[in-house]
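Going down the list, the sequences are from chains A and B.
Going left to right, the first sequence walks through residues 1 to 589 as my numbering numbers them.
Going left to right, the second sequence walks through residues 1 to 589 as my numbering numbers them.
Please note that a few of the clues may not be correct.
Same chains, same names: a pair is fine if it fits in one copy or spans any two.
Think about it this way: if two alpha-carbon atoms lie no more than 30 Å apart in a straight line, the pair counts; the simulated BS3-like pairs of lysine-lysine are [to be verified]:
(1) 106 - 506
(2) 49 - 584
(3) 127 - 506
(4) 106 - 419
(5) 401 - 127
These are calculated hints, taken from the structure and not from any lab test.
2 protein chains.
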Amino acid sequence: MLRNRTCGELRKSHVGEAATICGWVDKYRDHAGIVFIDLRDRYGRTQVKFNLADGSDVQQLARSLRYEDVIQVTGEIVGRPDDMVNPKMDTGEIEVHAKTLTVLNKSKTPPFEPNGDNLPNEELRLKYRFIDLRRNELQQAMAMRHRISQAVRTYFDENGFLDIETPILGRSTPEGARDYLVPSRVHEGNFYALPQSPQLFKQILMVSGFDRYYQIARCFRDEDLRADRQPEFTQVDVEMSFVDQDDMLEMIDGLVAAMVGSVREETVSLPLPRYTHAEVMEKYGTDKPDLRFEMPIHEVTDLVAECEFGVFQNTVANGGRVRGLCVKGAADTYSRRILDNDLKGIVAEYGAKGLAYFKAAGGKLESSIAKFFSESQQQAIIERMHAEDGDLLLFVADTWKVSCAALAALRNHLGRDLKLYDPREINCLWVVDFPLVTWNEDEQRWDAEHHPFCSINPEDVEYLESDPSRVRAQSYDLVCNGYEAASGSIRIHDPAVQQQIFDLLKITPEEAERRFGFLLEALRYGAPPHGGIALGLDRWVMLLAGYDNIRDVIAFPKTQRASDLLTGAPSPVDERQLRELHVKVDIPE
Amino acid sequence: MLRNRTCGELRKSHVGEAATICGWVDKYRDHAGIVFIDLRDRYGRTQVKFNLADGSDVQQLARSLRYEDVIQVTGEIVGRPDDMVNPKMDTGEIEVHAKTLTVLNKSKTPPFEPNGDNLPNEELRLKYRFIDLRRNELQQAMAMRHRISQAVRTYFDENGFLDIETPILGRSTPEGARDYLVPSRVHEGNFYALPQSPQLFKQILMVSGFDRYYQIARCFRDEDLRADRQPEFTQVDVEMSFVDQDDMLEMIDGLVAAMVGSVREETVSLPLPRYTHAEVMEKYGTDKPDLRFEMPIHEVTDLVAECEFGVFQNTVANGGRVRGLCVKGAADTYSRRILDNDLKGIVAEYGAKGLAYFKAAGGKLESSIAKFFSESQQQAIIERMHAEDGDLLLFVADTWKVSCAALAALRNHLGRDLKLYDPREINCLWVVDFPLVTWNEDEQRWDAEHHPFCSINPEDVEYLESDPSRVRAQSYDLVCNGYEAASGSIRIHDPAVQQQIFDLLKITPEEAERRFGFLLEALRYGAPPHGGIALGLDRWVMLLAGYDNIRDVIAFPKTQRASDLLTGAPSPVDERQLRELHVKVDIPE
């Protein structure tokens, strides 16, 4: 080894020992010929002092050092005088008094310093990703990602799951929009497809009797980049046999506790709360509620049907809903301008035509429209909303769908804006009993809410033909801090039931055979009851690290620019290669 | 859970308890209306006895069961009478007396039985992979693969390595023959490339200061399938900073012990032996010697220069070598016909013109050509070869290269044929000090033996210009049972040295920039000394499971036939998809 110590481990107890450390020059100070270096490696930083005879080779070499040079230093570990102790550094009680210095590699002047406070824009940092990755934030993110992955693996290993690799080069299906296609040199004119998920493979593994499977699997989607999306992403993929929904949720509860426990001090209290889809839509307007703060939606439709406020009246008359939020103690927080512009703008984005607001004061409602409500109506609203003096009441009157979307967005904004929660908190819940299908108005048919392999709640079989919208799937989402952090279902294992669902979704036998033939065939030869789930690893690292940008939790993210080193956009290839693949590029002018 | 016990766990100590088990009907016997089922799951098999009133529903249902039906049985765990104990089954001391039976899924009659002795050909088994995967051999292979992977992960985690994911969608380089190319929908007319290895990414991670990296990485090569090769394969990929070659070998020694220990009783004795490339070529004729048996090659060139046997004489005169093997106790093992046909055929395949053979008897050589050797020449040969009476001596007289290849192949054949080792034994060794370059006669230039990033042995710098063939790389192969089980090197971290190597390999600056630009740029900004290695996971599972067919250690291997379920060859895609990708398939008639 070129070192016997790292830059992160030296403490007062090491004083008097000799050390050889290696790393990057992180800081550099020359005080009247005495050189101080902060030497950095993955494990920390250590102050090195060069205080040798002025003309010495080592001292001269030390004076030539610059940021990001890679060096090896041998010296004595010395305690710092009390007034020189640096409490901000783990190694702040000591310094190394250098005896020898070897420059392992000089660095060109870096375009930015990875320890600097004034970071350049992300474009430059992505171009020099190898320097950006030296920053503490990214070093921590990768270390955290490792620890979380390792916790996942240990948890599943301890619970008898097998890590089984499924193919990256899979079969293309004609309908696979958003599949990346890969032409094969060996099989002329034919293509593989990169998987959007190992869904069908893991179901086959259950049919094959592997009983408990997991994989940290790479998945692909040929779509535009977004702040929270990459064309390749990583999924913790799970499937179990001979289980029901409760077994699955309980198993994943344990996983969540293990993941959080791997990087956080706090413990997660189990079981995670479970809500039905109907419940969260009613109470929070979304199937991804952020429950770090409460603030439920209250329905007042019945209370305002008779009021004299036209907007409410008409909405109720047209079968719409009047629902609202009670913002505790916020009666005077927002000016009329903010209410009429900013907050109204948020609900307008989701199609709401207006935002009605009141203050609760003296046991009544105050507002320019309060006069349209009788005293008893006001009382009833205040009671329904659990409002107290000083609260702000906000209402959207619209269709069920619009009121859900608008109020959910407004609720999220208020939680963030009013700092109603600790942003580092992790809050998880299950949403279960999703509807099996939703009506596709454009194509006049039922679409699967998750995918066509979800089994249905046995109680709802009777509605499969009479009223499909009432049928609940045995599917479940894990929601964390307002994001979908996992999604899964108990699968159909009976080919006859599968056929029923295909019929409902108007998938013809030919289409089913073409798209899912291998799974359907497998189901005919003894498929066990089974179910599974997939967790987005990138999202989990973002949640646990507290980062908003997906590029901060992936070592080499894709970017839009072909010029970015390594991580850039795809690039042209030459004629010879295309000829060998029997492919021609054909871009319309 | 649909069960409270698995089919593998019940023992005598459970007798009297109630059990609910689930699984597949593995065996079925109807003895005068009493039905016996062997029920199978991943964990084992349990005998279930249905001995209920003849007309009962359960009994009737039991009599309708057939192979591979999936059932749930509840019953009492009962000890078998002593004469009915089945010592071949782990659960052979008990049986479950069924009280209830639920058929979870009927199976169509399977095309073959996964527990059968008469397996059909591999073609049919691959077509019905989901049934083949139920076979004990494949269940064991996947479980072993899991245990080995988990051991790798635990080992590296304990040694401070970070598991960092590198991209699957990478940059294409114009020279990347055998790269799979992936057209992008979003970036019209541009392509990603799938990585043949994460080599450059892991070097960048070292430049970025991650210090210790590992990944179990999927890699891709667009080549024909072979029995030991798949277009996608899995590599245990490792890189470390601030280390020299000894540090690397020591770290991987520990990994090998952990991998073997995860699935075998025996322990590996460390350190693994280390040989130089020159040594193994001299002694075994190959850089991948199988050292489960000894039988070294002995050189007798100097001893036979003066003999009267024309073939040896001429070889020596032309600068060739006479080398041979001493096969202990095999003087009478092979007939003249086998020696002259089979064994000679093996060396002929590698270009050797003949195979000379002798028996050692009475302290002398016996053979049709023995008369051409004086008594003292015979004595000297016997001594050099450590031959004793009853040994068979085999010689190849040819160029150095041909004698190496021919004798290595012959040695492997003899070891196998004479059963000189236990085929289950695992024997590992390091080969170090590979030559940096080999002369490419066709193109009249030096080629890199490994890749152009290998650093060189500091002692050999002086030969870099004067005699490149003498320069030893700091590269190392781990050889196991005659296979390359890992390969790596200490890398160049100095851009100036890297330039020297490119010059030697006649890689122009433009070409270097195009192919490796991002790495070269990174090396200029403070790259630490670093090195790494990659282990073929598929090969390791084959070695440790004792399987010869790579398709037996991969759940969903690729095959040549497009008709195979899931695992088949790539397939055509439709016009619309190609249009969206802006590519045209263009196969010449």
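Here is what the structure says about each hint:
{"no.": "1", "hint": "106 - 506", "result": "between (66 Å within a copy, 26 Å between copies)"}
{"no.": "2", "hint": "49 - 584", "result": "neither (62 Å within a copy, 65 Å between copies)"}
{"no.": "3", "hint": "127 - 506", "result": "between (49 Å within a copy, 29 Å between copies)"}
{"no.": "4", "hint": "106 - 419", "result": "neither (47 Å within a copy, 57 Å between copies)"}
{"no.": "5", "hint": "401 - 127", "result": "neither (44 Å within a copy, 48 Å between copies)"}
The structure fails to meet hints 2, 4, 5 from the earlier list, while all remaining hints are met.
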